[in-house]
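Visitor: Now for the letters of each chain:
2 protein chains.
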Amino acid sequence: MQKYKEIFDSLNQQINEYIIKSIPQKEPKQLYEPYKYIISSGGKRIRPVLTMLCCGACNSNPQEALDAAIAIEILHNFTLVHDDIMDNSPIRRGNQTIHNKWDEATAILTGDIMLGYAYKSLHNYHYHKRNNDIHNIFTNALIEVCEGQALDMNYNSRKEMTIYDYLVMIKKKTAVILEACGTIGAIIANADDLKINALKEYTSNLGIGFQIQDDILDLYAQRSELGKKIGQDIIEGKKTYLIIKAKLLAKDKDDIDLIELFFNNNGLGEEYIPKMQEIIQKSGALEESKQEALNYFNKASKSLNVLENNLYTETLEWLINWLSYRNY
Amino acid sequence: MQKYKEIFDSLNQQINEYIIKSIPQKEPKQLYEPYKYIISSGGKRIRPVLTMLCCGACNSNPQEALDAAIAIEILHNFTLVHDDIMDNSPIRRGNQTIHNKWDEATAILTGDIMLGYAYKSLHNYHYHKRNNDIHNIFTNALIEVCEGQALDMNYNSRKEMTIYDYLVMIKKKTAVILEACGTIGAIIANADDLKINALKEYTSNLGIGFQIQDDILDLYAQRSELGKKIGQDIIEGKKTYLIIKAKLLAKDKDDIDLIELFFNNNGLGEEYIPKMQEIIQKSGALEESKQEALNYFNKASKSLNVLENNLYTETLEWLINWLSYRNY
Numbered sequence: 020m021q022k023y024k025e026i027f028d029s030l031n032q033q034i035n036e037y038i039i040k041s042i043p044q045k046e047p048k049q050l051y052e053p054y055k056y057i058i059s060s061g062g063k064r065i066r067p068v069l070t071m072l073c074c075g076a077c078n079s080n081p082q083e084a085l086d087a088a089i090a091i092e093i094l095h096n097f098t099l100v101h102d103d104i105m106d107n108s109p110i111r112r113g114n115q116t117i118h119n120k121w122d123e124a125t126a127i128l129t130g131d132i133m134l135g136y137a138y139k140s141l142h143n144y145h146y147h148k149r150n151n152d153i154h155n156i157f158t159n160a161l162i163e164v165c166e167g168q169a170l171d172m173n174y175n176s177r178k179e180m181t182i183y184d185y186l187v188m189i190k191k192k193t194a195v196i197l198e199a200c201g202t203i204g205a206i207i208a209n210a211d212d213l214k215i216n217a218l219k220e221y222t223s224n225l226g227i228g229f230q231i232q233d234d235i236l237d238l239y240a241q242r243s244e245l246g247k248k249i250g251q252d253i254i255e256g257k258k259t260y261l262i263i264k265a266k267l268l269a270k271d272k273d274d275i276d277l278i279e280l281f282f283n284n285n286g287l288g289e290e291y292i293p294k295m296q297e298i299i300q301k302s303g304a305l306e307e308s309k310q311e312a313l314n315y316f317n318k319a320s321k322s323l324n325v326l327e328n329n330l331y332t333e334t335l336e337w338l339i340n341w342l343s344y345r346n347y
Numbered sequence: 020m021q022k023y024k025e026i027f028d029s030l031n032q033q034i035n036e037y038i039i040k041s042i043p044q045k046e047p048k049q050l051y052e053p054y055k056y057i058i059s060s061g062g063k064r065i066r067p068v069l070t071m072l073c074c075g076a077c078n079s080n081p082q083e084a085l086d087a088a089i090a091i092e093i094l095h096n097f098t099l100v101h102d103d104i105m106d107n108s109p110i111r112r113g114n115q116t117i118h119n120k121w122d123e124a125t126a127i128l129t130g131d132i133m134l135g136y137a138y139k140s141l142h143n144y145h146y147h148k149r150n151n152d153i154h155n156i157f158t159n160a161l162i163e164v165c166e167g168q169a170l171d172m173n174y175n176s177r178k179e180m181t182i183y184d185y186l187v188m189i190k191k192k193t194a195v196i197l198e199a200c201g202t203i204g205a206i207i208a209n210a211d212d213l214k215i216n217a218l219k220e221y222t223s224n225l226g227i228g229f230q231i232q233d234d235i236l237d238l239y240a241q242r243s244e245l246g247k248k249i250g251q252d253i254i255e256g257k258k259t260y261l262i263i264k265a266k267l268l269a270k271d272k273d274d275i276d277l278i279e280l281f282f283n284n285n286g287l288g289e290e291y292i293p294k295m296q297e298i299i300q301k302s303g304a305l306e307e308s309k310q311e312a313l314n315y316f317n318k319a320s321k322s323l324n325v326l327e328n329n330l331y332t333e334t335l336e337w338l339i340n341w342l343s344y345r346n347y
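Just so you know, the protein sequences line up as chains A and B, in that order. Count along the first sequence from 1, add 19, and you get the number used in our numbering. Count along the second sequence from 1, add 19, and you get the number used in our numbering.
One or more hints might be untrue.
Remember, identical chains collapse to one label, so a pair may be satisfied in a single copy or spanning two.
[Stated by the list, open to error] Once the Cα atoms are required to be at most 27 angstroms apart in a straight line, the calculated DSS-like pairs of lysine-lysine come out as:
id, residue 1, residue 2
1, K178, K301
2, K294, K257
3, K48, K257
4, K45, K178
5, K321, K270
6, K257, K120
7, K24, K45
8, K45, K22
9, K318, K48
10, K63, K270
11, K148, K48
12, K22, K63
13, K48, K120
14, K45, K257
15, K272, K257
16, K45, K190
17, K63, K248
Everything labelled a hint here was simulated from the structure, so no lab data went into it.
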């Protein structure tokens, strides 16, 4: 609904203004320029908006969570800058990645200094009685997101992977930062444990649902809407939810062979993408993956029940639908 | 004196035991193994020992500073892991660097996760009334050390450099983390501002003196004692205190030309090292550099005057001499 989109957009705008202002205008430019470049390149700002919404859903002013929202968004962007080096990604959000536009050393160091500014923003909660919890949750998110990236790279060379392996990785790589948004937002609002846990569940399930959906969109979105090539995961040999499911469900010998080839060769050429789309659909893996994403979204929705009804709780509910119906 | 060396060694041993124990025994091994590898590779542990000594010099138990000492040592090692990638260094402390033994992605990610554990250790001061100051000083050190590394790389391609440029870089790259040892150690001991500033001065001057001395040893140490090649800075085109001074002081046309060549070519071949040793000595730059290092060590010593005399203050005094007379 329009009302909720307006709340989302308004928080988004506050975040954008505040985060850009938070970047120091100082030397050396060789670090502060790429820092500003990645932060200005946008993205959905889901994480900081979630942090503020979760604070609001616990009956506090979402603004109180602004510094934490910024800290988490900088942390998230730090992971992107470093992951892009490790994954050799040339493009991010339609722009050249930092290591590509500048060089690797610049990208490493820009990521590092960003982490400093993320913590600097977080230190603003020194007045808060649960300052220590806020810091511990944030630091654990940093540690787990690194573990998640390590698992992700590790999986690249694995020929076997289970749904469980996938979920462990996704939880660390994606869900833990989202959980930090929920828990830190709620803690800033001085919420009780019941609500903190509810928002942890909400953000975690939203994150996993979002990721499974991302895997689906990588292969089945309209190319023009996705903003990148269809089937990139197939080419890069990413063992996504979709492909692991397809391996479990495929019955035809030719289909099984092609999926085996994907696993053994760590990916397939672009020419196989239409065939893979067909196989995954035919096997039932596409439908099961959609269902699984939906299950996570439903769990996210259910966990909101313990929260009082206010505009921000409603926006969290709306956000599930908004994200689950996206087609890019 | 033997007594002070024993105190240093005893703190060093506590740090070594505690820091190794602090590394989690967990998956993914691809991160925790290189983390343990760099931390176990030793080094002098000057920073954590300083942190504990400065706490002791303010009449508190040095053990109270152990978690901060560990945090700073992990931060320092994080900078080494990432700097070694940027500088393409194959060897560190006589062992292969992480990006060399494993790969770059592993080294980036290991550094990142180390920063998480550094903060985790620092969060243990949540009970301290100046927890926020401790965190801010630490985070500023992280930010400045990144800026220092950026300047250092930037200087690599510069053909002109002043002593001032050098000092700005060294202050950020080396002295700021040392200052953090002094100030955080003193703050943990609940020292007053006079003592905190004294220990900030002490550690800062010690750091700069140490660095100038390091530049001298790079070119004039006994090869067997240095543990690495003599004249590496000349080969790599590092604009050290020594060489900037030599440029200012050299009078003979041939000498000036060779120094110019060093600046214009960003370094000289190994065959020029004996000649550069000769020029720098003859110009008076070696003597002036030694004197300048001594000036910083003297300033460090003087700043200890405001501290009460105890065993740890005496050890800080002894440390200046111990470091200034080192020949590797």
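Visitor: If you check each hint against the structure, which ones fail?
Guide: Hints 5, 7, 8, 9, 10, 11 are the ones this structure does not satisfy, whereas the remaining hints hold.
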